[in-house]
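S.K.: Residue-level listing of the chains:
2 protein chains.
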Amino acid sequence: MLSFLELLDRATARWRKVPGPGRVLLVGAGPGSPDLLTVRAVAALQAADVVVHDQLVPGDIVALAPARARRIDVGKRKGRHSATQAEINALIVSQARAGRIVVRLKAGDPGVFGRVGEEIAALTDAGVAFEVIPGITAAVAAAADAGVPLTLRGVAPTVTFISAHGADGSSARGWSGLASEGGTLAIYMGKSAGALVRDRLVATGMDLATPVIAVENAGREQRRIIAGHVADLPSISERSDLDGPVVILAGPAMAVAEPRALSHQTAA
Amino acid sequence: MLSFLELLDRATARWRKVPGPGRVLLVGAGPGSPDLLTVRAVAALQAADVVVHDQLVPGDIVALAPARARRIDVGKRKGRHSATQAEINALIVSQARAGRIVVRLKAGDPGVFGRVGEEIAALTDAGVAFEVIPGITAAVAAAADAGVPLTLRGVAPTVTFISAHGADGSSARGWSGLASEGGTLAIYMGKSAGALVRDRLVATGMDLATPVIAVENAGREQRRIIAGHVADLPSISERSDLDGPVVILAGPAMAVAEPRALSHQTAA
Numbered sequence: 001m002l003s004f005l006e007l008l009d010r011a012t013a014r015w016r017k018v019p020g021p022g023r024v025l026l027v028g029a030g031p032g033s034p035d036l037l038t039v040r041a042v043a044a045l046q047a048a049d050v051v052v053h054d055q056l057v058p059g060d061i062v063a064l065a066p067a068r069a070r071r072i073d074v075g076k077r078k079g080r081h082s083a084t085q086a087e088i089n090a091l092i093v094s095q096a097r098a099g100r101i102v103v104r105l106k107a108g109d110p111g112v113f114g115r116v117g118e119e120i121a122a123l124t125d126a127g128v129a130f131e132v133i134p135g136i137t138a139a140v141a142a143a144a145d146a147g148v149p150l151t152l153r154g155v156a157p158t159v160t161f162i163s164a165h166g167a168d169g170s171s172a173r174g175w176s177g178l179a180s181e182g183g184t185l186a187i188y189m190g191k192s193a194g195a196l197v198r199d200r201l202v203a204t205g206m207d208l209a210t211p212v213i214a215v216e217n218a219g220r221e222q223r224r225i226i227a228g229h230v231a232d233l234p235s236i237s238e239r240s241d242l243d244g245p246v247v248i249l250a251g252p253a254m255a256v257a258e259p260r261a262l263s264h265q266t267a268a
Numbered sequence: 001m002l003s004f005l006e007l008l009d010r011a012t013a014r015w016r017k018v019p020g021p022g023r024v025l026l027v028g029a030g031p032g033s034p035d036l037l038t039v040r041a042v043a044a045l046q047a048a049d050v051v052v053h054d055q056l057v058p059g060d061i062v063a064l065a066p067a068r069a070r071r072i073d074v075g076k077r078k079g080r081h082s083a084t085q086a087e088i089n090a091l092i093v094s095q096a097r098a099g100r101i102v103v104r105l106k107a108g109d110p111g112v113f114g115r116v117g118e119e120i121a122a123l124t125d126a127g128v129a130f131e132v133i134p135g136i137t138a139a140v141a142a143a144a145d146a147g148v149p150l151t152l153r154g155v156a157p158t159v160t161f162i163s164a165h166g167a168d169g170s171s172a173r174g175w176s177g178l179a180s181e182g183g184t185l186a187i188y189m190g191k192s193a194g195a196l197v198r199d200r201l202v203a204t205g206m207d208l209a210t211p212v213i214a215v216e217n218a219g220r221e222q223r224r225i226i227a228g229h230v231a232d233l234p235s236i237s238e239r240s241d242l243d244g245p246v247v248i249l250a251g252p253a254m255a256v257a258e259p260r261a262l263s264h265q266t267a268a
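Same order as they appear, the protein sequences are chains A and B.
Under the working numbering, the first residue of the first sequence carries the number 1, and numbering increases by one thereafter.
Under the working numbering, the first residue of the second sequence carries the number 1, and numbering increases by one thereafter.
I should point out that these hints are in silico values taken from the structure, not numbers from a laboratory.
The beta carbon of each residue, even a glycine, is placed where N, CA and C say it ideally should be.
Some hints here could point you the wrong way.
Short derived list, chain B residues pointing at chain A, Cβ under 7 Å [as the list claims (entries may be wrong)]:
id, residue
1, PRO34
2, THR38
3, ARG40
4, PRO134
5, VAL140
6, ALA144
7, GLY147
8, THR160
Here chain A is said to cover these stretches of chain B; the calculated rule only asks that three of the stretch's residues, wherever they fall, bring their Cβ under 8 Å from a Cβ of chain A [unchecked claim]:
id, segment
9, 6 to 12
10, 108 to 122
11, 127 to 133
12, 150 to 158
Chain A extracted, bound-state conformation (with noise of 0.2 Å):
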């Protein structure tokens, strides 16, 4: 049996064997829980001496990291930022040139809706180095939490994650012709806009009728599973006792879900 502090140690080391000048890390936190990181992320928060992080990754993950390293919040919540993605490609570029290794902990995997590419854009500028750890996307872990598939042979052939925030105001692209074949699709970001939603996915083929799993708090001890419709994604929207991000997943394969997820709650 090999140890798990053995397995630790060797993905530490990774790091500490590295000579010369400082480095960046950019580490998907995961869904929330501490332990959906993964155990390469967890080492990489122990080497780190300095932790850069948004808000949505909770305190006691940040609290994996050595009290001496420092950590700073750079806070990005919804309708707030604190420091701009510009001020934040400065910051880990500067911390690694001082010799540091800096650990960049995102919410997620960093590839995903993680704005890691205009950071690799500028560590690959600096001439920084830098390495990508992944991490448990939202999508993935709210399918894990109601018991079901993301993809289901016979059913549904793809899996396609989509923001329903979109980018920069042109929140409609990406959303055409998505729906077709059965494929799964996952939607971050998706409570507020429930009607939108619910209009885009009609408008790209699903029926109102199309069953839909919305997971508040994925991965979390306090996620909470909803089963309904495509058509019941506004009243999703205008719950009041929602304040946790929400993962809307939907299609037919989320038609196994209802039951499933209910049997999976109690059995818990």
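Fit chain B to the supplied structure of chain A, relying on the hints for placement.
M.R.: Structure of chain B alone, referenced to chain A:
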């Protein structure tokens, strides 16, 4: 600072505190490196009485289970099935009914091309309690390895996962309309079907010059990253030196990757 062992103990307590009959933990083993398991997945393995695993899962991950745990290889290799899906379903149900903690270990994430839907259906029908523990899926690991984002603001509003093998022979299903509007496509099991994948990408609207990153053995020490274009996919299939699993990432967001993948490689 939260200690790593406290984190592991907390995760392990999840299953030990549940009284009564056995259960099945459907666990994502991630792309192959033990340190890309989540802490929760390691805790599940360490709590296992029985581990039922595919042959794609490396031995040093299975080795995280205690020595007393029974290991059952239901290996599915390409072109060979040593156990049918129905046999696997019956096995995990009967082992759980015997009061055991059964870890069903699947490469990547159970919900993404992992056939977890069939196993969830069997467990639900049998009234066996289960829990899905998510894992890092190959496309996410491949993007991290290559240092590229899967979505990119203003360029790639979506990412879609699809298998080059398709399901049940109807393997063209799911491809229509996929490449619209700059979204990234992540093609699993893409190595053997390069010319077919090229033709499908072109049919769905991609240009032959669209950038592509192919990653062999994503998430493992020996991973290899090949940057090219849609037109190059047949030649990747013809390479006899690629014998590990290959994920193909295609779309304009990969354009940032060619120089960066190289600088990342030399920096690591």
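S.K.: None of the hints should be skipped; say for each whether it holds.
M.R.: Hint-by-hint comparison with the structure:
no., hint, in the structure
1, PRO34, "holds (5 Å)"
2, THR38, "holds (5 Å)"
3, ARG40, "holds (4 Å)"
4, PRO134, "holds (4 Å)"
5, VAL140, "holds (5 Å)"
6, ALA144, "holds (4 Å)"
7, GLY147, "holds (6 Å)"
8, THR160, "holds (4 Å)"
9, 6 to 12, "holds (count 4)"
10, 108 to 122, "holds (count 12)"
11, 127 to 133, "holds (count 6)"
12, 150 to 158, "holds (count 8)"
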